[in-house]
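Protein chains: 2
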Amino acid sequence: MNQPITSADKTFIALRDDIVEGRIQAGSKLSETELSTKYAVSRAVIREAINRLESCHIVERKANVGARVVALSPQGLIELYQVRESLEGMAARLAATNMTDQEIDDLSALLQSHFDEVKGGESYYQEAGDVDFHYRIILGSKNKHLISMLFDGIYHLVRMYRVQLGMAGPRVTTAYDEHKHIVQAILNRDAELAEMLMRRHILYSKNSIERKLS
Amino acid sequence: MNQPITSADKTFIALRDDIVEGRIQAGSKLSETELSTKYAVSRAVIREAINRLESCHIVERKANVGARVVALSPQGLIELYQVRESLEGMAARLAATNMTDQEIDDLSALLQSHFDEVKGGESYYQEAGDVDFHYRIILGSKNKHLISMLFDGIYHLVRMYRVQLGMAGPRVTTAYDEHKHIVQAILNRDAELAEMLMRRHILYSKNSIERKLS
DNA sequence: AAAGCATAAATTGTCGACAATTTATGCTTT
DNA sequence: AAAGCATAAATTGTCGACAATTTATGCTTT
Numbered sequence: 261m262n263q264p265i266t267s268a269d270k271t272f273i274a275l276r277d278d279i280v281e282g283r284i285q286a287g288s289k290l291s292e293t294e295l296s297t298k299y300a301v302s303r304a305v306i307r308e309a310i311n312r313l314e315s316c317h318i319v320e321r322k323a324n325v326g327a328r329v330v331a332l333s334p335q336g337l338i339e340l341y342q343v344r345e346s347l348e349g350m351a352a353r354l355a356a357t358n359m360t361d362q363e364i365d366d367l368s369a370l371l372q373s374h375f376d377e378v379k380g381g382e383s384y385y386q387e388a389g390d391v392d393f394h395y396r397i398i399l400g401s402k403n404k405h406l407i408s409m410l411f412d413g414i415y416h417l418v419r420m421y422r423v424q425l426g427m428a429g430p431r432v433t434t435a436y437d438e439h440k441h442i443v444q445a446i447l448n449r450d451a452e453l454a455e456m457l458m459r460r461h462i463l464y465s466k467n468s469i470e471r472k473l474s
Numbered sequence: 261m262n263q264p265i266t267s268a269d270k271t272f273i274a275l276r277d278d279i280v281e282g283r284i285q286a287g288s289k290l291s292e293t294e295l296s297t298k299y300a301v302s303r304a305v306i307r308e309a310i311n312r313l314e315s316c317h318i319v320e321r322k323a324n325v326g327a328r329v330v331a332l333s334p335q336g337l338i339e340l341y342q343v344r345e346s347l348e349g350m351a352a353r354l355a356a357t358n359m360t361d362q363e364i365d366d367l368s369a370l371l372q373s374h375f376d377e378v379k380g381g382e383s384y385y386q387e388a389g390d391v392d393f394h395y396r397i398i399l400g401s402k403n404k405h406l407i408s409m410l411f412d413g414i415y416h417l418v419r420m421y422r423v424q425l426g427m428a429g430p431r432v433t434t435a436y437d438e439h440k441h442i443v444q445a446i447l448n449r450d451a452e453l454a455e456m457l458m459r460r461h462i463l464y465s466k467n468s469i470e471r472k473l474s
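These protein sequence lines are chains A and B, in that order.
Taking this note's numbering, the leading residue of the first sequence gets 261, the next gets one more, and so forth.
Taking this note's numbering, the leading residue of the second sequence gets 261, the next gets one more, and so forth.
Possibly wrong hints are sitting among the right ones.
[What the hints assert, rightly or not] Here are some, though not all, of the chain B residues that point toward chain A, as calculated from beta-carbon distances under 8 Å:
# : residue
1 : Ile284
2 : Ser315
3 : Gly349
4 : Lys404
Just so you know, these hints were derived from the structure itself, not from any lab.
Virtual Cβ for every residue (Gly too), placed ideally from N, Cα, C.
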């Protein structure tokens with residue numbers, strides 16, 4: 261979905277953001293009638309929005325009983341990162357062969373701009389910057405399934421964990437180096453290495469988070 | 261969804277099977293009113309079923325225009341196998357550490373029964389047997405996201421390709437050896453090797469299919 | 001005759017109402 | 001007083017109707 265068109269699109273996004281940002285509590289029940297008045301749309305629209313959230317693994321629904329926001333747990337975060345490692349590793353592998361020279365150039369430029377910011381002492385990098393970097397590589401894979409699984413499915417959940425467990429992108433400087441090496445591997449069209457480096461990158465990130473949680 | 265409960269559940273499954281088995285043509289338009297009469301349910305139920313099929317990547321929907329069954333293409337099949345390689349590789353890795361001894365025993369027994377069948381000259385193996393083998397390893401990963409992505413998402417699409425491009429599981433005997441090696445790696449709790457072997461297994465399978473297509 | 005426009009037909013999107021199911025309430029029985 | 005049951009209330013599921021949008025039709029203009 262590039263642009264929200266229908267009322268259901270907009271409600272889906274509004275509801276999703278309210279959940280991801282924690283304005284609707286994790287684990288809480290989603291009452292259709294309640295949400296219907298809250299977002300000023302019919303129950304049919306709410307139901308469609310909830311169905312889509314279920315596809316994203318953000319809510320769980322039981323027939324004839326209703327939907328609940330998923331509960332966050334350390335175990336859940338670990339499982340999420342395992343999937344990320346797998347999928348983004350493959351994305352990096354494919355990106356190394358499928359990205360155009362132009363796209364790689366742009367990626368290098370993005371990385372350079374991050375370097376300037378990090379050197380300038382700004383911490384902006386960790387948030388949007390990291391996401392942006394990963395986005396480009398995922399898109400660069402040119403694999404439709406990979407792209408939609410990560411963007412529609414995994415990434416909002418990752419964001420939900422980030423926001424609610426309050427882990428604002430750690431490891432700024434080391435992550436920059438890792439990014440640099442990944443870009444270098446892609447530049448060399450070394451698919452094998454690009455995958456390996458991306459997997460390590462995500463694994464380190466997972467370990468870093470695990471340490472914070474315990 | 262373990263058991264279909266609501267009318268929407270049943271319609272979703274009926275519609276999905278009709279598409280996967282080719283009774284509804286790939287690439288064709290899905291008219292809500294038409295399907296409504298065909299399956300003898302209201303349009304609301306049809307719409308919910310179509311929405312779920314969209315989540316499975318079996319249909320594509322455009323706002324205010326309607327839904328179409330996805331078109332099958334060699335490129336699409338390749339992309340699908342890339343995702344399978346990635347996810348099932350990780351599943352095998354996780355299974356090597358997370359499966360119980362009992363589960364591994366059962367898996368070995370399953371493999372033995374396949375061996376007997378192959379030796380007996382039956383070709384039953386290739387269909388349900390292969391699927392069953394992969395199912396167990398995926399479940400053995402104990403990773404919720406991995407399981408649902410593969411079972412709800414990827415596998416029906418794979419089946420759709422198998423049925424419609426008429427590729428009834430090739431490579432029977434060689435695949436058996438590959439399965440055996442994977443089980444051995446899991447038995448040894450060698451996660452690294454289990455992943456590598458599973459990835460190779462799926463890669464070979466992809467190559468074999470590619471050869472048939474061209 | 002081809003292109004463009006206005007109107008009609010058909011299709012999807014949204015709504016409120018009723019049905020089916022689950023959950024809460026309060027009574028009865030022991 | 002606790003457990004079990006019947007009934008009431010609330011919630012989800014399904015339906016048909018209307019609104020909004022897209023697509024098809026046929027006329028007008030050049």
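Right, here's what the structure says about each hint:
With a least beta-carbon distance of about 21 Å to chain A, the hint placing B:Ile284 at the interface is violated under the 8 Å criterion. A distance limit of 8 Å between C-beta atoms decides the matter here; for B:Ser315 the minimum to chain A is near 4 Å, and the interface restraint holds. Interface hint at B:Gly349: satisfied, since its Cβ lies 7 Å from the closest Cβ of chain A, which is below the 8 Å cut-off. Given hint, B:Lys404 at the interface with chain A, holds; its Cβ is 6 Å from that chain's nearest Cβ, closer than 8 Å.
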